[in-house]
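A.B. asks: Put together the whole structure using the sequences plus the hints.
Protein chains: 4
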Amino acid sequence: MAPALNLTASQRIPAIARPFVSDRAAKTLDLVEKFVEEECLPADTVFFQQLGQTAGERFSAHPPVLEDLKAKAKKLGLWNLFLPRNHFKEGAGFSNLEYGLMAEYLGKSQTASEACNCAAPDTGNMEVLAKYGTEAQKRKWLDPLLEGKIRSAFLMTEPEVASSDATNIQLNIRRDGNEWVLNGSKWWSSGAGDPRCKVYLVMGKSDPNNSNKYKQQSVILVPADTPGITINRMLSVFGYDDAPHGHGHITFKNVRVPLDHIVLQPGSGFDIIQGRLGPGRIHHAMRAVGVAEKALDYFLARINDERKKPFGALLSSHGVMIQRVAESRVEIDAARLVVLNAAMAIDNGDAKSALKEIAIAKILVPDATLHTLDRAIQAYGGAGVCQDTPLAKMYANSRTLHIVDGPKEVHQQQLGKNENKRFKIVQQKLEAQRVKADQLLRKYGLERVDPLYLGRVSAGTSKL
Amino acid sequence: MAPALNLTASQRIPAIARPFVSDRAAKTLDLVEKFVEEECLPADTVFFQQLGQTAGERFSAHPPVLEDLKAKAKKLGLWNLFLPRNHFKEGAGFSNLEYGLMAEYLGKSQTASEACNCAAPDTGNMEVLAKYGTEAQKRKWLDPLLEGKIRSAFLMTEPEVASSDATNIQLNIRRDGNEWVLNGSKWWSSGAGDPRCKVYLVMGKSDPNNSNKYKQQSVILVPADTPGITINRMLSVFGYDDAPHGHGHITFKNVRVPLDHIVLQPGSGFDIIQGRLGPGRIHHAMRAVGVAEKALDYFLARINDERKKPFGALLSSHGVMIQRVAESRVEIDAARLVVLNAAMAIDNGDAKSALKEIAIAKILVPDATLHTLDRAIQAYGGAGVCQDTPLAKMYANSRTLHIVDGPKEVHQQQLGKNENKRFKIVQQKLEAQRVKADQLLRKYGLERVDPLYLGRVSAGTSKL
Amino acid sequence: MAPALNLTASQRIPAIARPFVSDRAAKTLDLVEKFVEEECLPADTVFFQQLGQTAGERFSAHPPVLEDLKAKAKKLGLWNLFLPRNHFKEGAGFSNLEYGLMAEYLGKSQTASEACNCAAPDTGNMEVLAKYGTEAQKRKWLDPLLEGKIRSAFLMTEPEVASSDATNIQLNIRRDGNEWVLNGSKWWSSGAGDPRCKVYLVMGKSDPNNSNKYKQQSVILVPADTPGITINRMLSVFGYDDAPHGHGHITFKNVRVPLDHIVLQPGSGFDIIQGRLGPGRIHHAMRAVGVAEKALDYFLARINDERKKPFGALLSSHGVMIQRVAESRVEIDAARLVVLNAAMAIDNGDAKSALKEIAIAKILVPDATLHTLDRAIQAYGGAGVCQDTPLAKMYANSRTLHIVDGPKEVHQQQLGKNENKRFKIVQQKLEAQRVKADQLLRKYGLERVDPLYLGRVSAGTSKL
Amino acid sequence: MAPALNLTASQRIPAIARPFVSDRAAKTLDLVEKFVEEECLPADTVFFQQLGQTAGERFSAHPPVLEDLKAKAKKLGLWNLFLPRNHFKEGAGFSNLEYGLMAEYLGKSQTASEACNCAAPDTGNMEVLAKYGTEAQKRKWLDPLLEGKIRSAFLMTEPEVASSDATNIQLNIRRDGNEWVLNGSKWWSSGAGDPRCKVYLVMGKSDPNNSNKYKQQSVILVPADTPGITINRMLSVFGYDDAPHGHGHITFKNVRVPLDHIVLQPGSGFDIIQGRLGPGRIHHAMRAVGVAEKALDYFLARINDERKKPFGALLSSHGVMIQRVAESRVEIDAARLVVLNAAMAIDNGDAKSALKEIAIAKILVPDATLHTLDRAIQAYGGAGVCQDTPLAKMYANSRTLHIVDGPKEVHQQQLGKNENKRFKIVQQKLEAQRVKADQLLRKYGLERVDPLYLGRVSAGTSKL
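Chains as they are written, first to last, in UniProt numbering: chain A, 1 to 464; chain B, 1 to 464; chain C, 1 to 464; chain D, 1 to 464.
Since the hints were derived computationally from the structure, they do not count as laboratory data.
Source: prediction; values computed, not measured.
Lysine-lysine pairs mimicking DSS-like chemistry, simulated, CA-CA at most 30 Å apart:
1. K70(B) / K429(A)
2. K138(C) / K198(C)
3. K27(B) / K436(A)
Restraint-style ranges between C-beta atoms, simulated for each label pair:
4. E160(A) / K34(D): 30 to 36 Å
5. R174(A) / K215(C): 58 to 64 Å
6. E306(B) / R174(C): 25 to 31 Å
7. S353(D) / K27(C): 19 to 25 Å
8. P258(B) / S317(C): 40 to 46 Å
9. E38(B) / V449(A): 18 to 24 Å
10. L446(D) / L76(B): 47 to 53 Å
11. E160(A) / R174(C): 57 to 63 Å
12. E160(A) / K89(D): 51 to 57 Å
13. G177(A) / E306(B): 57 to 63 Å
14. A71(D) / A432(C): 20 to 26 Å
15. S317(C) / K421(B): 18 to 24 Å
Partial list, derived from the structure: chain C residues whose beta carbon lies under 8 Å from chain B:
16. T157
17. E160
18. V161
19. S164
20. W187
21. W188
22. S236
23. F311
24. G381
25. V385
26. E409
For each residue, glycine too, the CB sits at the ideal point set by N, CA and C.
C.D. replies: Now the structure itself:
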């Protein structure tokens, strides 16, 4: 319908979001698109080949192409884009809505987020350090993170408990003289595979008997090379090892760090993870929109591939395929609006006041992405599930979005329970309408046709 | 999640839409909500009872409660809200986005749209007359329509052909001296049942042999009482007759009107229906969001009804029900954003430049509404399918949204085909990325691990 | 794929069911098909026109065409087909599987079930009387029911409580001398609208304080003309009144019947409703398969209608439509197998031993029907939702299948909970496999690659 | 509902299938279950560890545990179970329905199918050789295959064309004196990675200019070590390499074999692949039912895992989880019936006469499996996507079922088109019903209420 097909990123901003994007952000957005499409996506191929073949090689590799990309990104000013302007002075000065548009493009490439120093879990960790860190902690860890010199991990999930409920976390943090002593095990420690990962933010229980179960936890900064730490193994995701980043299964055996390695004070662990997952809560969703767009691009390329004509016709000549294009476009555009609205809500206040909008984004967006990917995989057939397209790996990654940062069901229950709190107001409103209707009927000289009308919706309010 | 549960309409505007709503519009919006919830919804009960029981009575009735509501609405300034400020001087002066928020509330009630003179098909007909009508036509038909004194119908769909393709329309318009002579039949002539419906805008073929099949049609203004017109019967929708409005099946037998009853000139029928369905294209979708909200209200009322506890517990104590609350909230909020974004796109330019956004709204919104309604019906059980709740009738009405104004599949094919036009650009982009990747691999001294890599996506570009 | 398109009903029996159908049943099945397609379906049109237009007329009508059909059916031997041979001597002597195949065809027509005296709720009521009735009760009520001279209703659901849990039922049954006195209200009393409905089987509480909440209920036979009974109104289903059958909302005010009008003894109400819904539990599902086949027939007729070519091509030339044909065929054939398997399970034992299979049929079949209907409605557009096709009414009826005889969610919870009982056996099995795997690893001189392997699935068994 | 939870395989046979299972088959079925659950599933762990870590190791490995399992299976008589008794004397003598029940259990384990010499693609290849092979070919290849001494591959799919349409196949087969010369490339050559894979059945074009495009192809037996063959690389499936079996991408460069290596005669390639995919067409579907059952087992184990209680409660205490148990049970049981009905249809005639039933199985079953797997993965969270459960790999494998043996869409189009052929009969039937209804109306002295009734469904018959 749009006659101009070759629009730039800034020209494709949804109408309702465009007014909130400054000229500087629009220019940066176009630069991000160009950088991702022309530099990062080709570099992805190199990146995967610069990893070795054995597990040992893959988790000690640091693909040189990535450092070259980082240098380019810095030169282009595409650095630390994620730190929102109204909360952090260290970032590039964009709003969450503006960054949301950029993150979409970063999501298309394996290397782009890290190239622009916008990769999880560093982003969240940098936010924590900038927000809660002491000056010494900032100098020691925040500065090199902001410069992209080191990487970090956030260790929360544990293998032996249901970590979707963070109060279940068991890693023991015990004070012993001038030191914290950590014992326990963590898994899904994402990023811990990278040899450049120098610091872990470790969540554990320092006060397991505190009557307030949200005050039992603390977060400790632990250098990755501290004695007593063992990376037992790396976890795969649908067969992919995500090297060199990786997802570690790690044990802590009498791991000791000085007392000043705590973030904030003992017992503030829950506050920190709440704060950590502020704007960052929707970074995954922002990028997932880009993953979906990339999947749709691949879908279009395949259904119009002149070499691949089953039964003599392009796949795009089949209405079923065009319908799938439309279904993907509808789902993706709705997903983007949901993400941008959540970003706007965060920009207006903070992540806390935008909990509903964030939950909606986390629930809805992964499905748009997975559905679009599944359609693309199906169109490619064998090429869709193997290494000849990035689709299967994108699917594997995207499937985890319903699991990480809280499973979909937990978001649904929280969102649903909060919505359900309206019930009393709704019942009163409906009852008032019924009473008013009865008055009106009398006024017009009528009686209810159905004398046993059961529109009353709740005994609780029926005495009105 | 929001602590304040009892928000007004203006306080519930999505974050990303709020800045586009003027203070005047916000106040009007709250007034609309109040008017609908406190006046119109109770009046709905009266309205249905003021209709008679036999078909004859039902289609000659004019429920007095409606005129009283109209008087109230006029006094409150809630009149002709739909005419967008940047195109019409006759309206209340709101943008499409602002009206979109208001129309949501109008959608909750049977009587509200008409009470505010914002009911289809008058809205579209008024737009046509204001845009294309002669002065004489405006005085004769537009003025009383704007004042709510008469109603109108738009006669396009025909029973014998596939009207989803408007070029199939067959009603014959022949010039005979100083008159147009119409012969043929129409159905789904919505509004034709109302005794106050005084004028039909009739689409037909005046030049059936024109080589340009989009120039064969004309639109003629036909007074409803012109000899030769027969309303054969009224069509039901899932058993509902939608009286007194109704959906007529009408035949034209040598129906004669003067030459000046044509809108624009002969052959401009297609231009008119395109123009007619400008902003109005998403009025149904706007109201459907309100229908969904009303369904969710009813759902909440039911699952918290103290009198209805199967197996000893409120339905809301079941996770399955709370999950459905969340699913509805997610779908509705996404639907609203899609509608408002389309409205904004129309506000920025015109309906033509917003075709993609409009199509997305028309495809996505009805599903959000139908899903929410289906959940509510299921929660109510028997009360959900019968006359004791408005849910079944809302479902019947909403189900038609995938049919009227073009079936869902047509929108999907148009949207999909337009999206598919991007394929060449996408193929070139992917191919350029492949070429660049090969250059990079060489630069870093690597060869492709997979020498027979098949990432090339199109023979069309594979000679690069 | 089958070259022979014009197969008879007995030729279309699924391969896996065919061996269980006797020659006599196969012949009867073909006769049923012929009777339904050639007699009943045309008679449906007459039936609807022989009903009047006002509510009063519609619920006092007894369309003559129905009695003519009944006479024909009796002559053809198509009478009381539903009573399974291994339980009742009064019936036609077929197995439930055989009747299941026949009932599919009955389901296609409004009039066919009643024409063959196989209509709900009489079927269940006849089963109750045959199984539990005294000789006097049988002579008085069973005989005329078996002969099709009267009709009956089963009054269970109540408007003020959540009747999906039958223990909530409140209608009071009190003994007073030689009489039972009934007070309370019932709704969804299906069949109560028919002037030929002469007896109600009324479920109520005769012993509300019994500590066993399944012993509080009794079932009383109440002649429909007993003083104190008021039919307040008839309930609609999506706008359809289902006249003359109808769904009554009835109050009982000091309704008195002799003591011998009780079925079995006081307190056996629950046993009776369990027994009543024996084979009859899947009659709805059996017929719903036929409803789906009819919808698919209509779909095929429409997409190949030469008069209705949007954009110049038959709808059947669009892959999307052919895909929907396939989706419907897949869903319907799976649904039929599920129904027949449940019937076979009942034939093998009784309804109690087939609870799982029955639940699966009740959950799965209505969706196959609703999906197929929705596709057909969409293909017809306006004709699909109005009176010109039977589709919208079929949709309305079929939608209630997820509500009547217990809502879908209750069946899912029961089925799921029973399936979940396997968990301990499963956990033990998986744990045994882990232990055996460890033994094998040692045998082959290996250690687990993942020393912290977490395949152990339950702490409950991890001490093995 | 079933009180006995610990049923054996033969006790769990669906009621409608049980009578077709001989005592010998029932005993074998229980033996298969025991062998799979107690021997094969524990052996899977060993199998994966006996593979090496590097690509080179993995595709030269032959895990000793597999040979031990094979020896056990032979001793138990669980060997070549797949060859149906009515077509092959070489097999174990079971019907397809009986084997279908057994294959379900084989599907649960990585090693079981091969352990019982029932693994694809050998099964299909053995069928081809038994059916079409010369005596010499049988002795050379069929005998060692039947004994499990060698393995084989079927090379059809090609990377450069849309192989879902087999007429697109391009590998050139040219006669040169006493030899066939093969040139071209193949991929998804499953099994070609295994060092024991000794023979390829290669489909190619020997007569590319034949006017009958189904006579252009031949199948040639090519020893795997023939000069000119290069395995370029192995393809992954969602990151899994499926070693040592694997999926090869292979090129043929002037590969020469004697003339007697052709199967049947030149031009019979299409006949062979049709015949090859006889009963074998639903082997994947049979096993997929077992995959789904295994997924449900894992789901039950997880939601009742005492160690994993988010928010203090077992997952199984949440209605949402129990609902998912029910949804899985419903989908799996329907899938099994569909598979067994297709098997029965094949047993009754041959695969050709069962095309509809086979297509339905291929379309429906994978979805039941994928849905159940997705639910299980979600319940496990991180453990569901990584190597600690078999779920993610099962998902990857199962996802290919919509692609291999023809994509889902092709089956849907074929099934839909064949079903659509009924349209004329249906239209005539509906028209005859309309005519009969009009006669009946007249007979009863009525006219159609709707004089413009549009129930006529086709212009083809509208002249009546």
